[in-house]
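Let the hints inform the model, and build the full structure from the sequences given.
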Amino acid sequence: MWDAFKDWIFNCIAFFANFVGDWGLAILIITIIFRLLVAPIMHKQIKSSFQMQKVQPLMQEIQKKFADDPIRQNEEMQKLYAETKFNPLAGCVPMLIQMPIFLAMFQTLREIGFSHPDESYTFYGLVNDLTQTPSGVFADGFGAFFPYLVLMLVFALATFLPMVLQNIKNDSAQRNQMLIMGGIMTLMMLWISWGSPAGVLLFWGASSVFGILQQQLTMHHLKKVDAEAEAARIEVEPVKVDVERKAKKKRPTKKH
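Per my numbering, the sequence shown runs over residues 6 to 261.
Hints may be right or wrong, so weigh each one.
[Claimed, not checked] Each computed DSSO-like pair below joins lysine-lysine, with the alpha-carbon atoms no more than 27 angstroms apart:
no., residue 1, residue 2
1, Lys70, Lys59
2, Lys90, Lys69
3, Lys59, Lys228
4, Lys70, Lys49
5, Lys59, Lys90
6, Lys229, Lys52
7, Lys70, Lys90
8, Lys69, Lys84
9, Lys228, Lys52
Calculated directly from the structure, the hints in this document are not laboratory data.
Written out as structure tokens, the structure is:
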């Protein structure tokens, strides 16, 4: 069944390749279609991440306050989740749903040169062979290697950039920690990309760029909605007037 699913993905890519006359452009089209299909799922994941940023200071406060009482800490956490309507698993479920599609796309593009060797997989002359790896063309000179280098950098940096954008406004200690972690991940992605076919790098890079754009647009919308809701709450809040009343002086009694 899994192989049949991968064959179906290949047939979809082949359909667009025959239509536009280029395999690289067909991969980009399929990538955009894939991202549009999972866009509602990603929206939920980004929304969950946005809620997490707002709830996190309250969670840290509870953890510090009830550090010696795990049971009470768990109870207070559950109350917080109920009051803020925050589900800590909401960000994981969308990722699990889209993972099979992503893996099928990844494997199809990785094996495309072996499973269908009769085709010429090019990207408008910019990348001569999408089945080749950067390590495989490195010996052919810098001119041949340069397009693969660009794909490697996009592949790696597009993995690192979302972490920077998400944590740029955090406190310096947490931000520095995430930057170090992101830098390590970028190096790992460069190492992985060194032995990955260009078709995989094209798909992953384009998919990541699309994801970054969706993340920024969604976060901008959520912040705008939050600001409007806060402004509306302030407007309808009753004005408290503190009137200081003077103590009444006793009237002088008339002497008869």
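Notebook entry, point to check: Checked against the structure, which of the hints given earlier come out wrong?
Noted result: 4
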